[in-house]
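Protein chains: 4
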Amino acid sequence: MFLSDNTAPACPEIFAFLQQHIQGTTDLPYGDDFYTQQLNEFLSVIFDTDVWVMPVLTGTAANCLALGQLCNNYQSIICHESSHLAISESTAPVFFTGGARLQYCGGEIDKITPQQLAQQLEATHWNDIHGSPPATLAITQATELGRTYSPEDMQIFGDLCKQYGLNYFVDGARFANAVAARQCHPAELSWRAGVTAMTLGASKNGAFNVEALVIFDPQYAKGIMARAKRSGHLASKMRFLSAQLHTYFSNDLWLNNARHANQMAALCDRLLKQHSIETRFSAHTNQLFIRLTESQYHSSRDAGYEMYHWPLEDQGILKDYYRLVTHWSTSAEQIAGFADAIGIKVTKPI
Amino acid sequence: MFLSDNTAPACPEIFAFLQQHIQGTTDLPYGDDFYTQQLNEFLSVIFDTDVWVMPVLTGTAANCLALGQLCNNYQSIICHESSHLAISESTAPVFFTGGARLQYCGGEIDKITPQQLAQQLEATHWNDIHGSPPATLAITQATELGRTYSPEDMQIFGDLCKQYGLNYFVDGARFANAVAARQCHPAELSWRAGVTAMTLGASKNGAFNVEALVIFDPQYAKGIMARAKRSGHLASKMRFLSAQLHTYFSNDLWLNNARHANQMAALCDRLLKQHSIETRFSAHTNQLFIRLTESQYHSSRDAGYEMYHWPLEDQGILKDYYRLVTHWSTSAEQIAGFADAIGIKVTKPI
Amino acid sequence: MFLSDNTAPACPEIFAFLQQHIQGTTDLPYGDDFYTQQLNEFLSVIFDTDVWVMPVLTGTAANCLALGQLCNNYQSIICHESSHLAISESTAPVFFTGGARLQYCGGEIDKITPQQLAQQLEATHWNDIHGSPPATLAITQATELGRTYSPEDMQIFGDLCKQYGLNYFVDGARFANAVAARQCHPAELSWRAGVTAMTLGASKNGAFNVEALVIFDPQYAKGIMARAKRSGHLASKMRFLSAQLHTYFSNDLWLNNARHANQMAALCDRLLKQHSIETRFSAHTNQLFIRLTESQYHSSRDAGYEMYHWPLEDQGILKDYYRLVTHWSTSAEQIAGFADAIGIKVTKPI
Amino acid sequence: MFLSDNTAPACPEIFAFLQQHIQGTTDLPYGDDFYTQQLNEFLSVIFDTDVWVMPVLTGTAANCLALGQLCNNYQSIICHESSHLAISESTAPVFFTGGARLQYCGGEIDKITPQQLAQQLEATHWNDIHGSPPATLAITQATELGRTYSPEDMQIFGDLCKQYGLNYFVDGARFANAVAARQCHPAELSWRAGVTAMTLGASKNGAFNVEALVIFDPQYAKGIMARAKRSGHLASKMRFLSAQLHTYFSNDLWLNNARHANQMAALCDRLLKQHSIETRFSAHTNQLFIRLTESQYHSSRDAGYEMYHWPLEDQGILKDYYRLVTHWSTSAEQIAGFADAIGIKVTKPI
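Protein chains in written order, with this note's numbering: chain A, 418 to 767; chain B, 418 to 767; chain C, 418 to 767; chain D, 418 to 767.
Keep in mind that the hints are not guaranteed to be accurate.
[Said to hold, decoys possible] Chain A regions said to be covered by chain B (calculated; three or more residues, Cβ under 8 Å):
no., segment
1, 501-515
2, 637-649
[As the list claims (entries may be wrong)] List time: in silico DSS-like cross-link candidates among lysine-lysine, alpha-carbon distance up to 27 Å:
no., chain 1, residue 1, chain 2, residue 2
3, A, Lys-579, D, Lys-639
4, D, Lys-639, A, Lys-639
5, C, Lys-639, B, Lys-579
FYI, nobody ran anything at the bench for these hints, they're computed from the structure.
Since this is a predicted model, take the numbers as computed values, not measurements.
Cβ atoms here follow ideal geometry from the backbone N, Cα and C, with glycine treated the same way.
Just chain A, same shape as in the assembly (with noise of 0.2 Å):
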């Protein structure tokens, strides 16, 4: 199944983990445990400076708990209007801000560049007590279609949120797959950019069902705790969520599965272009959008391998391709036998 990386299994190593450490013993409820206390720690190592971490069940809260402490409610986020805060959160940003608006700002189909974003933020009007004036930006990492920003555009925002007295948040529900892509340090994508907090999610690369709430500066998590209770996200049991981010961050696990699954998407992407099927951008990380033909999708989806039909935009026209999601158990004979399904003849190892 390439419908999306959460379909995907947990993975053995977090099991085993759970297994050994959580399952039979008893400890602090409300994330007083041995676990959660660790959590600051070892992120901190991660990211090569102090952080503040709480485990969250899903993206959304994580994303909008963010958002709540990084803007308020008469201002607005400035995010892309393909970003998964704009098309996939209902109206959660406006829940936990308690009424930001979304302000789009573009230049490419699923980035913002930072010739647009300067030029938003110059036209601004930031006194107009009838607007609501930007207070965040927003961007994803990697995007809503796999590829992702660079250390020199993410520092080129971040100087552009200092200059405006602007937040900076990183919506990282693959920035894993971002990190192995640049092969770059996480502190080059974040904090060194000047972010000012993150998500950084888990449960689509190997956790059953976590994600990361990453804090660089510190006076945005005062309250933090009181918005997650109040919006319900205070787990009693916090030490099963945190011993996935524990075992998620041992062993380069993180990176590992997040390199496997890009490496997979561009074991696809090779096959794919040598049999001269068109795919919308190289693949950067774990996702692929291909021109198919209708018959081959049918092929495909019916040998197992289903796909959401993704219409995107080229030249001013939207054009029909597929979107093909890796993850960390894709394997290479799922990648070969989804070449098969397609027409694409195999004939030695991938």
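Given chain A, work out where chains B, C and D should sit, using these hints.
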């Protein structure tokens, strides 16, 4: 540790089921998976009527998602001033209803009495635009002090709700303990008494981290998924939560676990009384409120039997009690150990 | 001053009525007074159908109280991105709906076109739990640029709303100007075209400070008083607001005032065109968007004819315009004075 | 009519000022007009300290806009359970704070006592993430039963607020009556006692429809305009509201009006007592709670002296009282007429 049943481990049956059916498998997200799809059917058998069920991470989320369906933003929820809603869910009831208020009703230290409720409803100015008239009665079964409402009292509440057009909600974080204690069918403590919707805890009674939101009157299920989505409670890998509930309600696991917890509390109660140590109520479910000397408390704590200090009013005077909570994995050895720590010599096997 | 019609004085008829009937008299609070009780009947005659009416302090309150009735907290309101809702009401639409989002639809610089709306509705994923599907269409009549929707277009909108199950709302802050311009019955621009509810401005057109919230479909009046109460809009001495509306809708005062304002704008438009000064649209209602040199602008400002700088896009390029707004007390002498200030010699009485 | 002071007419001074300075004139919108710009200065003289002032349509809006500045969405507001906030503002305090709860504190039938407040604050679990700790004390001056807090008690409240880090709010819908009754400087009942912000009613005491929101601690004025905007309380023609306040605070009009109302209540109180008719308290301000027979009540109502039935607890028993409210235009003739209607013969001019 006797601090709370949310310190309990997860039980082996649930763990084994996750291992076998969830860890290594792929399935659809957002509740379209196999185990979530079965939940309604599964719980309908338990309750002997058609129900709508949703798995939720926390008790606060489950309670408040339900109340958001049952109470408008300018109305009130009648509850006991010692209820979890009133003292332990911060402003979550307000957040999820968009503004509803809590209105207290009592009669006993932890319970609403039918007389008090009848009197309060009788005195209500239902059409006062300046007030916030009640729309929902919320009771806790078992109560915060471990006692239970009888099916008869629950029926009277149901009749009053019907008479005044109120919805009727049960916070069942420890519903399993109540059913086990009352030795009755779950239907008698819910829909047969007129209950509109309820929550049913699992985290405290053997699960990792899941609660069930159960709706009996189907009109109140309309829009609940959107409400869950916008509060970050629509889990992408919901199957992991649903599978816990699946096992929990299989083979009477939920009742067996609760019965054991209740028995351990009863065992302790008997032992204490035999040695003239006062407990506030007879053990109904899995909580005891014990009069200990400070020295006894310290001895028990040092021996690893931590409890919360829990002052309770007794005829107008606040008296010191300690709350002891048992759970599914509490053992007779632990009870004996505790007895020993506070100076009770247990001469024969208990 | 041509800044806005909200700089206008209150007209003598309204003042005299307050003097005679309100200032010195005693009456019941919260809308139980004589003049508020008459409002429904009064406006039902104006609209030639049964309506429910409430007087409100501001246009933002009137619009957003209505939208709170017409749109749920997880849904969207379709509006034009230049509408008052979108640019001049901060996050009020969100606040009053409890979280709804705005979804933009366009076609013309200040108008939604039937084609665009049809296309957008056709493309909507109505059952996407992750999205926020539209529940209400909101148009502005007259628009922010002073143009009006024809009864025919309004009817097409109504048909589309019916087809897709949307509510249909009209922001009528300058509805009087639109009715006067279209020379049609107010019913044709409202309920006969399928409108569910609307607001109707008076503050800009002769009143001190009052707007009318008008509901055509009675099911949406349910709960509106509670909504007004909890947002602080249920005035204790409501009679003072209602009496303003009473006079406003008597003896065609609202239409006469609007007609005069429109005529003054038309007069100015003609004068400017005779002297080859470009205005963006022909004067439809009481707004003109004028191309002036910077020197002309400064001269007119120095002469007391203040206007806002109002850049408008013209074939992809932002061009400088100045917005001139007339109102019920604008005089031909003022128009002549303005003309004189920008270098137009008016040789005969205008 | 003695139902409420919100049935009162508007007083001639205010009307004349509107006629002369507002009706026929043009000025800037949204508070940039001449009279609004003067308000801060004007009220700073009245209070003998720098204040920030905003005119608002209703008492509920004024109270709740202020509380929104003083209390976060996960905190509580301490108030008396008979206060206007608690019983007459529906869920507005929740709406404007985004979710705060009311926590009751008492001591007397209509008043919080310093002892009770000290005790309740002492017992508060300030760091309980599951609770909603108090952030603001809200008292009503004069109270709902027409009594007043002494400057001494207000100072003790202020000291407690300072000690515990609470904000301190006064609902002054009838503050003028309190100042008149206490014959002290308004500063003594406000900022000198430590009050952070207050509201000050005018609608009940001679204005058409306006209340003043007064902020003493300037940090809490930050963002209030945006809050007003998004709740629909930023009036475009604000000058009309401000001009009412302007006149109200000129020439001691506010105190003279209040003093007269208080005197009429005192006159009535004396008359009733002379004829052995019980009133619950001595008349402090402009409210009397009178023990009448049902036949007396009916006679007075038939004679046009309508009152509300207002049962009050007296040593644990609910007793029937009728509430009589006087206002700035109540005359001695009306008091005599009322006395006559209930069977008291007034033989000499009163």
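Taking the hints in turn, this is what the structure says about them:
1. With a threshold of 8 Å between beta carbons, the proposed coverage of the segment 501-515 of chain A by chain B holds, since 7 of its residues qualify and at least three are required.
2. Beta-carbon proximity to chain B at under 8 Å applies to 5 residues in the segment 637-649 of chain A; the threshold of 3 is reached and the given coverage holds.
3. Restraint check for Lys-579/A and Lys-639/D: the C-alpha separation of about 22 Å stays at or below 27 Å, so the hint holds.
4. Taken as a hint, the Lys-639/D and Lys-639/A pair is honoured in the structure, with Cα atoms around 20 Å apart against an allowance of 27 Å.
5. Taken as a hint, the Lys-639/C and Lys-579/B pair is honoured in the structure, with Cα atoms around 21 Å apart against an allowance of 27 Å.
Of the hints listed earlier, there is not a single one the structure fails to meet.
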